[in-house]
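One-letter residues, chain by chain:
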Amino acid sequence: MENLAFQGLVGLSLAMYLWLIAAGLTIVFGVLGILNFAHGSLFMLGAYFAFTFYGLFGINFWLSILLSLIGVALVGLIMERFFLRHIYHLDVPYQLLLTFGFILIFDDAVKMTWGGVFMIPPMPEFFTGAIPIFGRPFPIYNLFIIGAGIGVAIGLWLILERTWWGRIIRASASDREMAGAIGVNIPILFTTVFMFGAALAALGGALSTPVRVVAPGIGGAVIIQAFVVTVIGGLGNLKGAFVGAVIVGVLTAYGILLFPIFELFIIFVVMAVVLLLKPEGLFGE
Amino acid sequence: MKKLIVIFSVCLLVTFAIAPYANPGPLPKVIKIGGQGVTSGAHADYGRQMIMGSTLAIDEINAAGGILGSKLELKFMDSELKGAVAVKNARYMVQDWGAHLLFGVDSSGVCMAVGPVLPELDRVHIFCHAATEKLTEKLVYEKGIKNIFRISVPVYQDSIIAAMIFKDFPEIKRWAGINCDYEYGRTSWSLFKSTLKKYRPDVEFVAEVWAPFWTTDFSPHISAVMAKKPDGIFATPWAGEAVMNLRQALLLGVFDQIQVWWQAMGGSVDVLEGLAREVAKDKFQGKLWATARYIHNWPDTPANKAFVEKFRKRWTRYPNYSAETSYSAIYVFKEAIEKTKSLETAKLIKAIEGMKIACPGGERYFRPEDHQAVYTVPAGKVIHDPAYPLPIVGELKVIPAKDYYRKPPFPPIK
Amino acid sequence: MIEHKGVSVIGRAYGKIPTLLLLALIVFLFLLPHFVGKYVMYMTMHILVLSVFALGFNLLLGYTGLLSFGQAGFYACGAYGCAKMLLVIPSLLPGIICGVLFAGIIALILGFLCIRHTRIYFAMLTLCFGMMIYSLAWKWRTMTGGDDGLVGIPRAPLEIPGIFSINMSSLGNYYYFVLIVCLLAIILFYRIVNSPFGLTLQGIRDSESRIAFAGISVKNYRLIAFTIAGLYAGLAGALLPPLESTVTPPLAHWTHSAEPVLATLLGGIHSFAGPIAGAFLYYVIKDIIVRFTEYWLIWLGAIVVALVIGLPGGIVSIFEKRLVPWIRLRFAQGSRR
Amino acid sequence: MDPFTVCPRESSMTELLKTEDLRKAFGHFTAVDGVNIHFTTDALTSIIGPNGAGKTTLINLLTGSLPVDSGKIFFKGREITKIPTDERVRRGIGRSFQIMNIFPMLTVFQNIQLPVLSLLHKSLKFFSRLDAHRDAIDEVERILKEGGLWEKRDMLAGELSHGDQRLLEMGIAIASKPELCFLDEPTSGMNPVERVKILENIRKLSDEKRTTFIIVEHDMDVVFSLSDRIVVMHRGSIIADGKPNEIKENQNVKEVYLGEELGEEST
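Protein chains in written order, with the working numbering: chain A, 1 to 285; chain B, 1 to 414; chain C, 1 to 337; chain D, 1 to 267.
If you're looking for bench data, these hints aren't it; they were derived computationally from the structure. Each hint should be verified, as a subset may be incorrect.
[To be verified] List time: in silico DSS-like cross-link candidates among lysine-lysine, alpha-carbon distance up to 27 angstroms:
#, chain 1, residue 1, chain 2, residue 2
1, C, 38, B, 71
2, C, 84, B, 138
3, C, 219, D, 122
4, B, 228, B, 197
5, D, 125, D, 177
Just so it is clear, the structure is predicted and the values come from calculations on it, not from any experiment.
Construct the complete structure from the given sequences, taking the supplied hints into account.
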């Protein structure tokens, strides 16, 4: 019993990374109507930046995370301003293809900059160690991740519900024309939203560095999971993304514990079932 | 349909542009050697080490006047760890670039894809890293694809030697496996289990989990096996994934609860570098065991010392096993060619079968039956040694190769 | 009076010249083995295979307006089906047929589920099923051999017992087999998209609600299109094992599904030859770049981005917009003189 | 038998379509509220009413574009309430749309060819060339010439002028030879010239007695000049139904239109 609970907790920390990726992906889709294939690569960039500032330049952990967020947001700015902006009028395939092109570009770009070898960022001292939960040591860092994930969730909720910008986002997510009509500057909105989404992905990447390795190609690996999460929750639906992430994360953890053979399989089965029975996602309206 | 024409008339021209003309003669001015390995992604270091090792050897040989007067030329391509890509590379290097000899290739899937194509390409291929026993036991011994040779030790090293060592740890009774979810992981695990069971009927294997390529978070796997309170953990994920696995295990306090952790390819230089900090702080409490297909601090011979020195002078890094195997592979080619004075595949195969050759990693003997190079690689604990800037595999247990290599006729592995 | 039927205005502009060029091209392809090395032959085969693969894909995207991101799944079905059969009966035809049928059946079944959705949901659903097939190929080791895949598949002779038997062990012979099969597939495809059925599909693409008022049941037609696409993917896949003598799970991975998408959009989705042109470009670009730099991804990526931004119509659209008017002009003048 | 040699129907009127207490609500808003209506072959009927009266919804229900909440629909005596659109079309119902709905990326010719082939049960011919089906081609040619689009046959439908697209849309609607055809604001956004052209078409086709037209229109001039019968809808139910002159006099109608001078109101 303890073991199940413990496994669930581990799955939860796994889920939080997924949530951070999916959040940006789903917001961008909701507002810009673009499914950003390269979103996983932004996650990867976030990890690389954080690693560079913290691991190489030895900048303070929190500061380097912040810097990486800014850095990736700027990359997002360039992506949206100079490329995505030209394809809003095109069909889904072109959007997927363009962003897919960016996956390739980013993968090689980091390879050129940091070399093809994987990097191992150090773990900040104050995070090492574990505290006993369910009679077994549970890493402080994972607890922190869970906290951070929930924190981000609340933060996003506040932003969307309480701020002027948030209201505009929700408005244009539900009806773009209407938003334009009430005098929202759509281009600027899109740019800011995309940068915001990129920053969220970067946060996920940056937070993953202390426990994972930084290597080219991670983007392509995480993006499919992110798709699964967002689809289960409902494309463009933030609450859904959170629940979806928890479902996928915990399910993966239990899959590994209970039926190791099907781990990969389960996730896609869930996705397919959701798509077939409720294509707009568990929380889509 | 109409546009098709215009397109294809263009492709007509381009096709001419890239049309190749390669025809290997007896002993040309330049002997072309084609290599490939993964030089991108989380496992990129293995390919790069292959480039370093082979380049070093080729430069030495050329500096000494080449092989019977003809110089060596190297071309190295990225296998991307994909069978299809590797096959395409091999075809390109032989049929377009005109390679006379092939070497390299990491990961089981890739070598199993390349192997069967070799007879058609009519080239000798020395595999420097791929570990699946099927390459030699199935393709060479059963199917009789003689073009295949393997200079690196297969899964025997990852699994059997581990069993030989840990059979002598009576207090370790409960084993759990965290393995790659592909053939390499599965065969290693089952070989380890069957061998250990033979010597120690009392051990039980309490848990096993499987991690596919690109697993970024091993915490669920680790906590799943820890739920069964094992004494020892047998882990096969390699390169970056090995490092991740171990760091996350540390976070979960695994090393306070177990007695040994076997990290199959933990002796690989990139993994050692990745764990430097933790080892320096003795986070693993001397419970981390590892081996590799060659470790730079063994054998303690002048030849090996010299090789390591040369390598460090040239690349400012310690040679990984894929570097040593590639380095030696080139010298195997040299000896074979000097013996046969030709590049004819059939003759080369004859020459390499049964060849005994001294390498940095010690003497290798190519078994004629399965074309597997037989040589000894010890295993030991991953420790910090002031003499080296990075952790090493120390407190070595040396078991003669003949004692832990599988021998023909190969009994099937469950 | 006849010519405006179905044939596009542009199509008509060519006159005889193209037909000749086309013949010349086919003749060239048949002579290829005599003056190029094995590698070019090998590459040409891959281009042909990808062309068939992409054509089938484009029946969904370009003609029916459905973006499938799981075609690699059916490709793999074809490959594994063919491989399995060849390992049992070492004869080419049964292998290929088995592969194609297997892929077709799977496509029919999954299609029944997929065609309930359109646009992004369809894309996601197909992606999902593709990845399921992938993980099956990876996990069902007794059947598929896991990541080692199925090994040592013979390049079996093309034979009908008692009638004839052609040895395929030489790359050249197999090249001719692939060439002929692919050309037939392409011609057949040309007939399909220019048939009433093809026109109906394009109607579905343009307006679902309207086509219903032509008395067309949208779902059934989508399902047929999906199945045909599956058959073509299966054919492409089935041609592979005898060539490579191995099949491995990555064939079903989504990154492989991206190849026909890439090829088709590079070439142009609204022209018949688009996917073929794209397949050719994709391989040649990649092959050439790989020779010059280790960093071929970034180049491919840059080209993709540039094309999507600068040339959404695909390469073929250049020929339509620039070359064809030019040809038409010259042709007109020529005929007047 | 060849579907184009339509035997001229006996002039005595026969009932084509009738509904029983048809209802449709969107959330709290009831768009169609218990409509009982029947259409007969002898009259060109117009449905009028202020915006949001439920005219288009009614048509969507009758053509199967929307599922009904309750009530029944009968076509030529057989119930069709549950059967899908394409089946209803095969039984003889057609329509044009309020918002332009054509095949923009096909040529004008193909736009017509498509429904014609379907009518001839040739849509599932996989391998035959399009121009192998002469019968279809001749029919398309006839329709295009009638509709006055013959010269533009090779243009992409999407590139036509708005008026021509309207004409084309009607062409598509009648190409599948419906016995009962709904035209949803066929003249909206047309200039007077085009308007006359299309009205002539409608009248002519209607007189040929091949097709019975039901027209939803805002333009009262059109309605009163064209119709044999006018149905007035308001808030989802029918408040008047009769000959044009009767409707002109009808009290309820006047109220609905807030006493506007009927015939001058146009949208």
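Practice problem: Quickly compare the C-alpha distance for residue 38 of chain C and residue 71 of chain B to 27 angstroms and report which way the hint goes. | Solution: Measuring from Cα to Cα gives roughly 26 angstroms; hence the hint holds.
Self-check item: Agreement of residue 84 of chain C and residue 138 of chain B with the hint, judged by alpha carbon distance not exceeding 27 angstroms
Solution: With a Cα-Cα distance of about 18 angstroms, the restraint between residue 84 of chain C and residue 138 of chain B holds, given a limit of 27 angstroms.
Practice problem: Mind checking the alpha carbons of residue 125 of chain D and residue 177 of chain D for me, to see if they're no more than 27 angstroms apart? | Solution: This hinted pair holds, its Cα atoms lying about 20 angstroms apart.
Quiz item: Has the given pair, residue 219 of chain C with residue 122 of chain D, been kept, meaning a C-alpha gap of at most 27 angstroms?
Solution: With Cα atoms ~17 angstroms apart, residue 219 of chain C and residue 122 of chain D stay inside 27 angstroms; holds.
Exercise. Could you grab the alpha-carbon distance between residue 228 of chain B and residue 197 of chain B and see if it respects the 27 angstroms cut-off?
Key: Within the cut-off at roughly 19 angstroms; holds.
Every hint from the earlier list agrees with this structure, and none is contradicted.
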